[in-house]
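**Q** So the sequence lines, in the order shown, correspond to chains V and B.
Using the working numbering, the first residue of the first sequence is number 508, and each one after it goes up by one.
Using the working numbering, the first residue of the second sequence is number 78, and each one after it goes up by one.
It should be emphasised that the hints constitute simulated quantities derived from the structure, not laboratory data.
A couple of the hints might just be wrong.
Each computed DSS-like pair below joins lysine-lysine, with the alpha-carbon atoms no more than 30 Å apart [claimed, not checked]:
| id | chain 1 | residue 1 | chain 2 | residue 2 |
| --- | --- | --- | --- | --- |
| 1 | B | Lys401 | V | Lys646 |
| 2 | B | Lys434 | V | Lys769 |
| 3 | B | Lys303 | V | Lys824 |
| 4 | B | Lys303 | V | Lys769 |
| 5 | V | Lys824 | B | Lys231 |
| 6 | B | Lys401 | V | Lys708 |
| 7 | B | Lys448 | V | Lys769 |
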Amino acid sequence: MPDPLLAIKDLNVAFDTERGQIRPVRDVSIDIYPGQIVALVGESGCGKSVTALSILRLIPQPPGKILSGSVSMEGRNLLELPEKEMRSVRGKDIAMIFQEPMTSLNPVYTIGDQITETVKLHQRVRNTEAVRIAEDALKDVGIADPRRRLNEYPHQMSGGMRQRVMIAMALSCQPKLLIADEPTTALDVTIQAQILELLRKLQREKGMSILLITHDLGVVAENADVVAVMYASRVVEFAGVEDLFDRPQHPYTEGLFRAVPKLGDLRSRLEQIPGTVPNPARFPGGCKFHPRCHRSRMLAQEARGEDAVEITSAGEKFRVLNRCVKEEPELREVEPAHWARCHQLPQYDRAPVTIPKLEHRREVNSQAVEEGDIEKIIKQEIHA
Amino acid sequence: MIDSVPTDSTPGSLAPAPADSLARDRPLVQVRDLKTHFPIKRGVFSKTVGYVKAVDGVSFDVQAGKTLGLVGESGCGKTTVGRTLLRLIPATSGSVHYRGSDFFAYNGQDLRRLRQKMQIIFQDPVSSLNPRMTIGNIIGEPLQVHGIAKGRAKQEMVASLLNRVGLDPAYAVRYPHEFSGGQRQRIGIARALSLSPDFIVCDEPVSALDVSIQSQILNLLDDLQKERSIAFLFIAHNLAVVEHFSDDVAVMYLGKIVEKAGSKELYSNPKHPYTMALLSAVPEPNPRPARHRIVLTGEVPSPSNPPTGCPFHPRCPLTRQAAKEGNAAESTEITTGGRRLRVLQKCVAEVPPLEQKQGEAGHVAACWVTK
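Make the full structure from the sequences, and use the hints.
**A** Structure follows, in structure tokens:
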């Protein structure tokens with residue numbers, strides 16, 4: 508197995524708030540291999556964005572604090588680098604794009620100024636050369652007439668165009684890793700398809716790795732090689748993309764898959780996960796998912812009296828297994844190359860605690876067509 | 078059922094007729110050739126230099142107790158349709174009939190009475206609730222304003238509404254910031270229900286919510302529709318959600334409906350190339366995607382300066398295909414987004430009518446190329 512490009516190990520992050528300390532990232536370990544797309548999935552407040560920002564040491568300190576763990580890239584621990592060296596890592600080795608391109612671009616500078624600034628910061632080039640690099644970067648992301656666009660301001664562009672500019676800027680220094688935090692959430696589906704297609708193409712051509720942060724299971728399924736599912740600050744499941752979708756192990760992952768309406772899934776009742784996404788200031792004890800867990804609830808019905816306990820969640824009283832309330836499960840390798848954090852998996856007690864590492868690549872890449880007989884394609888495939 | 082909201086004792090003569098007989102007679106809401114144009118003003122004297130045709134001639138029916146889904150991308154005018162038909166934005170022209178009477182002709186008391194029956198649920202559960210009012214007041218205010226209940230009776234109705242949407246009635250004394258996004262959306266739904274409407278515009282009701290919460294809200298809306306036979310105009314950009322939720326679906330592009338059909342028919346037999354592209358662009362939660370992704374070139378043009386002829390022609394793969402295969406005399410070259418393309422002359426010159434296509438009766442699309 509080759510060495511990972513980036514290895515996050517046992518990362519723990521805390522924030523001091525008025526109501527005491529909260530822990531948005533708990534014991535997170537993720538390896539990203541060269542050329543791999545790793546997806547980090549979860550709902551709001553699960554810690555996926557804080558994990559990403561911690562890699563670049565972009566969380567405000569104070570109130571934030573990295574309690575422990577390491578982020579190694581090419582033999583260096585990024586968490587211990589002097590700030591000056593870290594600055595050369597940001598943008599050059601690791602670049603990041605955000606959900607809302609408008610707030611990430613400076614409204615009073617032209618697109619050209621902003622890209623050339625990045626280029627000149629990391630590469631020793633003359634101004635004319637920097638402009639040429641910027642122009643190429645815009646051309647790479649499919650922007651027509653790049654020379655003219657360089658002189659435009661962000662407000663003159665549409666959302667999809669601004670996201671392309673963000674990507675161009677991120678890629679102008681040829682980073683080894685791109686962190687994409689909800690890169691298409693603010694965009695329409697047809698534009699989302701364009702941007703994802705572009706990211707995949709650039710990733711293939713330049714051999715770059717991508718850490719893709721998203722809540723959209725469709726985006727994950729079609730783009731990721733490896734997936735880490737986060738819930739309540741922890742990684743609750745980690746597997747190759749096919750494995751995860753074929754055989755989800757954690758009840759949260761299972762619930763998410765069933766709750767999302769799919770095309771072709773006609774009007775019937777959706778399954779729902781009861782309760783609300785927990786607030787990091789008030790996580791429940793034991794397994795963080797137990798107040799919403801259908802598995803623990805089902806098993807409690809058949810369990811002996813002392814093995815189950817009654818709890819109240821979202822105004823409802825029901826019984827769950829005692830162990831889920833009392834004891835927090837570990838992330839264990841419950842199947843070969845498949846990690847999950849749930850006591851109630853039959854294999855859990857025998858499964859080893861290993862560091863999640865997967866150099867897996869997805870089996871099928873989705874194919875894009877621009878021209879051709881799209882009518883026929885639609886007929887054959889949409890409801891096949 | 079634990080519901081004390083009056084339906085038959087509502088003041089006025091708008092007592093709901095049985096849904097079944099009504100559905101056969103006439104649609105609950107009938108929208109005809111609705112236009113909403115916003116003036117573009119420039120200069121010191123705010124001279125009108127043009128119009129943004131946000132909604133440009135939209136017609137549809139919503140049947141009692143049924144759901145019409147309205148899909149399209151941002152800027153296509155779907156939200157403006159919802160607001161214009163409730164008169165939250167003045168219409169430029171066109172008509173809306175509610176139970177056969179002209180909604181735009183009403184004024185004063187009569188309008189107010191009609192408004193009880195037509196409500197809206199907003200996308201953003203944060204900005205649509207007044208942060209300085211308690212939940213009880215937010216839900217109870219419409220009851221008081223419309224003279225339906227006050228004091229004790231109002232409190233009881235608020236409690237039963239909260240109960241119905243899955244919230245503890247004791248929450249009535251709390252403020253919106255104390256709730257999560259999903260709970261706030263439940264409060265918005267309780268407010269919309271308070272006047273026992275039979276028509277609700279749901280404007281992106283779940284797109285601001287977490288995935289695990291979306292299905293809770295969709296199921297709640299579904300239950301309420303069955304219980305109270307409420308008709309929905311369900312506006313959303315998520316095609317899978319719309320398919321799941323709607324009986325009929327209309328697709329909008331640049332202020333116009335470009336395709337409309339029964340939900341199942343539209344999704345299995347799309348006729349407009351824009352619908353096809355939208356459908357193919359939805360990422361499937363399947364790690365071995367079987368279908369091809371149609372990547373549309375270019376972006377949605379500005380509604381202040383829409384393309385001539387068919388508004389979709391600069392992005393349309395079908396017209397390019399047809400131009401390639403057909404007679405050279407019938408095609409023409411256009412430049413769009415820095416690319417030169419050959420398309421059918423007809424698509425550039427004439428606006429295609431929304432007409433019946435091969436398929437189910439009532440399956441209409443506006444396209445020169447498809448049959």
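**Q** With reference to the structure, classify each hint as holding or not holding.
**A** Here's how the hints hold up against the structure:
As the CA atoms of Lys401 (chain B) and Lys646 (chain V) are separated by approximately 27 Å, the hinted pair is consistent with the 30 Å bound. A threshold of 30 Å between alpha carbons decides the hint, and for Lys434 (chain B) with Lys769 (chain V) the separation of about 26 Å falls inside it, so the pair holds. Under the criterion of a C-alpha separation no larger than 30 Å, the hint pairing Lys303 (chain B) with Lys824 (chain V) is consistent with the structure, at around 27 Å. Of the supplied pair hints, the one linking Lys303 (chain B) and Lys769 (chain V) holds, its CA atoms being roughly 22 Å apart against a limit of 30 Å.
Between Lys824 (chain V) and Lys231 (chain B) the CA atoms are separated by roughly 29 Å; this keeps the pair inside 30 Å, and the hint holds. As the CA atoms of Lys401 (chain B) and Lys708 (chain V) are separated by approximately 27 Å, the hinted pair is consistent with the 30 Å bound. Using a Cα cut-off of 30 Å, the hinted pair Lys448 (chain B) and Lys769 (chain V) holds, with the two alpha carbons roughly 28 Å apart.
The structure is consistent with each of the numbered hints, conforming to all of them.
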